[in-house]
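Undergrad: Given the coordinates of chain A, assemble chain W onto it according to the supplied hints.
Quick mapping for you: the protein sequence lines, in order, are chains A and W.
Just add 22 to wherever you are in the first sequence, counting from 1, and you've got the working numbering.
Just add 22 to wherever you are in the second sequence, counting from 1, and you've got the working numbering.
The set of hints was computed from the structure by calculation and includes no laboratory data.
Computed from a predicted structure; not experimentally measured.
Hints are supplied without guarantee of correctness; some may be wrong.
[Said to hold, decoys possible] Quick partial rundown of chain A residues pointing at chain W, CB under 10 Å, derived from the structure: (1) R47; (2) M123; (3) Y125; (4) E127; (5) F141.
Here a beta-carbon is modelled for each residue, glycine too, at the ideal position from N, C-alpha and C.
There are 2 protein chains.
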Amino acid sequence: MSPEEKGSIERLVKRYLAAWSEPDRLARMALLAQVWRVDGIYTDPRSEAYGRSDLDELIAGFLGANPGASFNLNGPIDHHHDHIRFFWSLNLADGSEISGMDYGEISPDGRLVKIVGFF
Amino acid sequence: MSPEEKGSIERLVKRYLAAWSEPDRLARMALLAQVWRVDGIYTDPRSEAYGRSDLDELIAGFLGANPGASFNLNGPIDHHHDHIRFFWSLNLADGSEISGMDYGEISPDGRLVKIVGFF
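This is chain A alone, in the form it adopts within the complex:
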């Protein structure tokens, strides 16, 4: 993998996590438009979202219930073919931290088309 490719995947994942941390709907939609394909599918143990606007609503609900929450990338991103794996931490406003891992697939247009989260 070239350094450029590695850098672009890291930017993609960081913007994706920034979207999950962005309470302002317009700013979040701008991030999601960059990183999430319009028909992308999100799944984690508690929820699922089919398509970009559904994911936006899921994040809005999450941040509404957890104001001040932020997601951060933990460690390097593993990447082969169109598949990625990365670890993250969720920092809640009360100071607690939750760790998790996402598996993802990148579409040919450079956006995420699937995320499956485990925590």
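TA: Relative to the frame of chain A, chain W by itself:
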């Protein structure tokens, strides 16, 4: 998740890892027929296989180059929706050990239809 469902997923993954550890082609094909959908897709950082017989050939090549290698499940299997994640160790005949993680998808017929490995 019911205890029965949990048990059946553990059996599935253990049989899948047993297939990766089985040098006898007929025994391996019998395992793969139980656990791998005929059109299942396998990908790891070094290789890929499209369909059950392609996966069988990939394993045959791997075990031919690494006689005595065996894969073992490490820890519990995470599971939600039709998605699983599990950690494994590969024990080589020279006593060395490699660790890795697989993401997988289970088809409605109870077989694996996708594995993406990271190591």
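Undergrad: Give a verdict on every hint.
TA: Hint-by-hint comparison with the structure:
no. : hint : verdict
1   : R47  : violated (27 Å)
2   : M123 : holds (7 Å)
3   : Y125 : holds (4 Å)
4   : E127 : holds (9 Å)
5   : F141 : holds (9 Å)
Hint compliance for this structure: hint 1 is the single one not met.
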